[in-house]
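Asks: As a plain string of letters, each chain reads:
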Amino acid sequence: MKAFSIHFLFNLKSGLRDKELLLMNYIFPLGFYFVIGAIMPKLNPQYISILIPSMMIFNILVSTVLGMPNILVTSRNSGIFRSYKINGVSKLSMLAIPTVSTILHTIIVTAIILITAPILYNAELPVNILGLIIVFIASAITFSGLALLIGIIADSTSLTVILAQALFLPCMLIGGLMFPSSFLPESVGRFSKLLPTTYAMDAYEALVTKGSFSFSPIISLGLLMASGIISYYLSWYLFKLDNNNTSKSKGKIWAVGAILPFILGAIFL
Amino acid sequence: MSNLAIKVSNFTKTYGDFIAVDGISFEVNKGEIFGILGPNGAGKTSTLECLEGLRIPDGGTIDIMGIDPSKNSKELKNLIGVQLQSSGLPSTITVKEAMQLFSAYHNVQPRYDLIKRMDLWDKLNIQYSQLSGGQQKRLLIALAVCHNPQILILDEPTAALDVESRVELHTLMKELKSQGTTIVLATHDMAEAEKMADRIAILLKGKIMIIDTPKKIVASGSSKTKISVRTVGTSLVDLTDIVVDEYYVFYSDKPGTKVMELMNVIEEKGDSLIDLRVERPSLEERFLEITSIGGIQ
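Heads up: the sequence lines are chains A and B, in that order.
When we follow UniProt numbering, the leftmost residue of the first sequence carries the number 1, and every step to the right adds one.
When we follow UniProt numbering, the leftmost residue of the second sequence carries the number 1, and every step to the right adds one.
For the record, the hints were derived by calculation from the structure and aren't laboratory data.
A couple of the hints might just be wrong.
[Stated by the list, open to error] Derived lysine-lysine pairs resembling DSS-like cross-links, with alpha carbons at most 27 Å apart: (1) B/K96 / A/K13; (2) A/K13 / B/K216; (3) A/K250 / B/K96; (4) A/K252 / B/K116; (5) A/K2 / B/K74; (6) B/K226 / B/K207; (7) B/K123 / A/K19; (8) B/K116 / A/K2; (9) B/K258 / B/K71; (10) A/K240 / B/K74; (11) B/K96 / A/K19; (12) A/K91 / A/K42; (13) A/K2 / B/K123; (14) B/K174 / B/K216; (15) B/K258 / B/K216; (16) B/K71 / A/K240; (17) A/K2 / B/K174; (18) A/K91 / B/K71.
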């Protein structure tokens, strides 16, 4: 336990020391929040009602999907995982420590957003704090799981960027972060049901603001959690210490299973 | 298994159709420095990685102090210390944090004395990425021995090290050996292997070509001893065609007899000896001989 604590503490500090992680954990999400908070409510006054959830989920999305995978790929390709394995660091620690420390950074940024949004932009604090926490946990599990899986299946950092952006950009554009998914044309709206942010934002509407929502929060949270749990399982199953393990590479196709809940959502909802 | 630290029997490792290691067997005694030599692709790394528990053998058995590395990695971690050639640390970890982290995983107190010994004391709070290649290597070696392992596996430990660090590492290896630590040393440095190893195995194409003490390996070759003689006069001029830097050069597989013979000639012809050098064949020459002829001894 002492070793785990030391390792976790180092990893937490690394999130501030490493320039790339500092950018993804703090500078990008907070910078974007301050810019969007200043601009969007002027363009669309209704946006103020979704400023807090959209920036909270955006923060989780950036820290996990854009920040975590490169660390995993670098750890594998530069022999850090091998070094850990020989010295008794378990696979669980290798996967859990970067995940938990990233989530801790997102908690700090979310707290900053919750404290500053009412002061700077007159955003209303959510009344149902428990609902907010539930949506945060579900989103954190989903995105950290997907980020973990991207880091596990990508052999290089360039592939990591492609996979991460393939998730990040659609989530940003049509995943309900910039405007409600109900504003989208039907064809695009169906595509947006493939995106985890759509369900996260919908669950927030259903649980916290009691505004207009499309699905039962149980369904939204269920799909998010299912994707997150499948991602964690596949990350565990496909984990390899180095790229020489070709047997694990053959199983990468199973990673598609992580988005299966959203595919089912797009088909049946 | 009483005096044996490592026992490898009919060990095979394949990658797809490629046979990296082909049924090799060897034993390493406790307290011995055992060298593993071989050209690139000979199977050294695969052998070491299976000893370390990083890979699972496809055939045969590996026994490290009664432990199967592929099945009992938890028990193995405190028994062995490993300095991998292709291993690293997180770029942002400091020297101090690395020592704290690895010591904690081995349930021992941080060994800052090793940091001092590896001349990294003034780099204690410097991040790994800011260390030079040699400093990184020294830190990895310090981490490999921080828990006083019974078996130390070193893969190219002196590559990228300066002369002082190399000497310090050799001294440390000798100290560990005197304390009973078994050391497996994979290296391309023939002089290092000849100087440090008690026994050496030369691998080629996944097979062990020869396994013996460095002296016996060198002696088993066809290379002859080189005798260089410098004299005041020209008493030896008719005995050899090879003259290098005023030295008459002779090759012989019986150097003692040849030297006596040359001394007699010099004396008989009233000449005087200035210098005499006898160079036995080196491990490097023997290594090249073995690897160039595919191991036909």
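Asks: All hints are to be evaluated individually against the structure, with a verdict given for each.
Replies: Status of each hint after checking the structure:
Our distance criterion of 27 Å between C-alpha atoms is met by B/K96 and A/K13, whose separation comes to about 14 Å. For the hint pairing A/K13 with B/K216, the CA-to-CA distance comes to about 54 Å; that exceeds 27 Å, so the pair is violated. Pair hint A/K250 plus B/K96 does not hold up; C-alpha atoms about 39 Å apart against a cutoff of 27 Å. Distance restraint check for A/K252 and B/K116: the Cα-Cα separation of roughly 45 Å exceeds the 27 Å cut-off, and the hinted pair is therefore not satisfied.
At most 27 Å may separate the alpha-carbon atoms for a hinted pair to count; A/K2 and B/K74 meet this at roughly 17 Å. For the hint pairing B/K226 with B/K207, the CA-to-CA distance comes to about 31 Å; that exceeds 27 Å, so the pair is violated. Our distance criterion of 27 Å between C-alpha atoms is met by B/K123 and A/K19, whose separation comes to about 21 Å. For the given pair, B/K116 sits about 24 Å from A/K2 by alpha-carbon distance, which is consistent with the 27 Å threshold.
Between B/K258 and B/K71, the direct Cα distance comes to roughly 57 Å. Violation of the 27 Å bound is thereby established for this hinted pair. For a cut-off of 27 Å, the pair hint linking A/K240 to B/K74 stands: about 18 Å separates their Cα positions. Between B/K96 and A/K19 the CA atoms are separated by roughly 21 Å; this keeps the pair inside 27 Å, and the hint holds. Note on A/K91 and A/K42: the hinted pairing is violated, with a Cα-Cα distance of about 48 Å set against a maximum of 27 Å.
Proposed proximity of A/K2 and B/K123 is supported: the alpha carbons are some 24 Å apart, at most 27 Å. About 21 Å separates the Cα atoms of B/K174 and B/K216, which keeps this hinted pair within 27 Å; it holds. Distance check on the hinted pair: B/K258 and B/K216 sit about 21 Å apart at the alpha-carbon level, within 27 Å; holds. About 17 Å separates the Cα atoms of B/K71 and A/K240, which keeps this hinted pair within 27 Å; it holds.
The suggested pairing of A/K2 with B/K174 is violated, with an alpha-carbon distance near 33 Å, which exceeds 27 Å. Note on A/K91 and B/K71: the hinted pairing holds, with a Cα-Cα distance of about 15 Å set against a maximum of 27 Å.
In terms of the numbered hints stated before, the structure departs from hints 2, 3, 4, 6, 9, 12, 17, listed from lowest to highest.
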